[in-house]
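K.L.:
Okay, here's what each chain looks like letter by letter:
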Amino acid sequence: MNFACMTSANVCTKKNVKTSKKMSSAAKARRDFIRSHNFSISADSSGRCDIRVTKRGLNG
Amino acid sequence: MAKLNIRRLEPGLESVIQTFNSGNYYLDNFIKSDAAWNDSIGKTYLLLSDDEKILIGYYNITVGSLDMLDNGIHKKIGGCVHINCFALDNRFHKQIEVVTDDQMKIYTSDLLLDDCLQRVERLRKDYIGIAFITLNSTEEGKWLYIRNDFEPLEEDMFFSIEDSDLKCTQMYLPLEFED
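In order, the protein sequence lines correspond to chains H and W. FYI, the numbering for the first sequence is 1 to 60, going by my numbering. FYI, the numbering for the second sequence is 1 to 179, going by my numbering.
These aren't lab readings, by the way, just hints derived from the structure by calculation. Among these hints, one or two may not hold up.
Label pairs and their calculated CB-CB ranges [claimed, not checked]:
| # | chain 1 | residue 1 | chain 2 | residue 2 | range |
| --- | --- | --- | --- | --- | --- |
| 1 | W | Leu123 | H | Met23 | 24 to 30 Å |
| 2 | H | Lys22 | W | Leu123 | 19 to 25 Å |
| 3 | H | Ser46 | W | Gly64 | 35 to 41 Å |
| 4 | H | Ser8 | W | Trp143 | 23 to 29 Å |
| 5 | H | Lys15 | W | Gln103 | 35 to 41 Å |
| 6 | H | Arg56 | W | Thr19 | 29 to 35 Å |
| 7 | W | Lys142 | H | Arg56 | 29 to 35 Å |
| 8 | W | Ile146 | H | Arg56 | 24 to 30 Å |
| 9 | W | Leu69 | H | Asp50 | 47 to 53 Å |
| 10 | W | Phe177 | H | Ser46 | 39 to 45 Å |
| 11 | H | Lys55 | W | Met68 | 40 to 46 Å |
| 12 | H | Lys28 | W | Lys75 | 29 to 35 Å |
| 13 | W | Val63 | H | Asp50 | 33 to 39 Å |
The list that follows gives simulated cross-link-like pairs (lysine-lysine, DSBU-like), each with its CA atoms no further than 30 Å apart [as the list claims (entries may be wrong)]:
| # | chain 1 | residue 1 | chain 2 | residue 2 |
| --- | --- | --- | --- | --- |
| 14 | W | Lys32 | W | Lys53 |
| 15 | W | Lys125 | H | Lys55 |
| 16 | W | Lys167 | W | Lys75 |
| 17 | W | Lys167 | H | Lys22 |
| 18 | W | Lys75 | W | Lys142 |
| 19 | H | Lys18 | H | Lys28 |
| 20 | H | Lys22 | W | Lys105 |
| 21 | W | Lys53 | H | Lys21 |
| 22 | W | Lys105 | H | Lys55 |
| 23 | H | Lys55 | H | Lys21 |
| 24 | W | Lys53 | W | Lys43 |
| 25 | W | Lys3 | W | Lys53 |
| 26 | W | Lys105 | W | Lys53 |
| 27 | H | Lys15 | W | Lys142 |
| 28 | W | Lys105 | W | Lys43 |
| 29 | H | Lys55 | W | Lys3 |
| 30 | W | Lys3 | W | Lys76 |
| 31 | H | Lys15 | W | Lys125 |
| 32 | W | Lys76 | H | Lys15 |
| 33 | H | Lys18 | W | Lys75 |
| 34 | W | Lys125 | W | Lys75 |
| 35 | H | Lys22 | W | Lys75 |
| 36 | W | Lys3 | W | Lys142 |
| 37 | H | Lys22 | W | Lys76 |
| 38 | W | Lys76 | H | Lys21 |
| 39 | W | Lys167 | W | Lys105 |
| 40 | H | Lys14 | W | Lys142 |
As the structure is a computational prediction, the values presented were derived from the model and not from experiment. Idealized CB from N, CA, C, for every residue including glycine.
Make a model of the complete structure from these sequences and hints.
P.N.:
See the structure below:
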C-alpha cells in the first residue's frame, strides 16, 4: 500500500491556504490516544500482525 | 513495554528492507536504493516489528516550501517538511490495530503518520521554523490524510506535475492549530 510518492513538482497553489486550523475532534481524539499509549507490534512474514497497547505511565 | 519500534535507516538494517512490498514499484525500489540513504534527498524512518525482522512501513521526509502563484510569480507562503514517501507493506495494510473503548479505530498507518507528525513538531519546537507539512498523495492514500486533517490543494495546479503524478493529489497540513 502506498500513500505518498515523490514528485519533482513545486508544492504550489493559486488560492489562499489555511495557515492555521482547528483540529477535528476525531483527529484530536486519535492523536491523544496514540500519544498516551505505548504500542508494540509483533509480525511475521505471513502478514500476521499482533499489537499490544498499554497506557503510558508518568515515565512514558 | 517498549514503544513503537521506529528507527532511522542506518547500517545493519539492509536485510530487513529487501522483502518490503507496498505494491508500488517506485516506493519499493526507493527503500531498496541508495536514494533512501541519501541525506540530500531526505531522511528515512522505518517502522519495524519488535524483533526487527519485518519492515512494516516507512517514510522519508525532506524540507521545502508551500508557494503561491500570483500573476506568474512564485511567492513563498511558508516553509514545510515534505513527506517524499510514505508506504506500508501490503501484508499490514489497513489491519485494524486498535479499537478503543469508544469504538475509535486506529490503524498502522495512523501510528506511522503520527510518528512523523511528532518528529516534525519537535523540529518546529526546538530547531527550525516550519509552517506546513506537505505531500503528494496517491488516490488510495487520500483517506489517511483527510482523516488526519490534511487539506488538498486545488487541482488546477497539475500543469507542473509529471505524467506519473496525475493520479496524485498535493496536500498540506498547517501546523498552527486553533483552540
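K.L.:
Let me make sure I understand: some of the numbered hints might not hold for this structure. Which ones are they, in numerical order?
P.N.:
Checked against the structure, the hints that fail are numbers 1, 21, 30, while the rest are satisfied.
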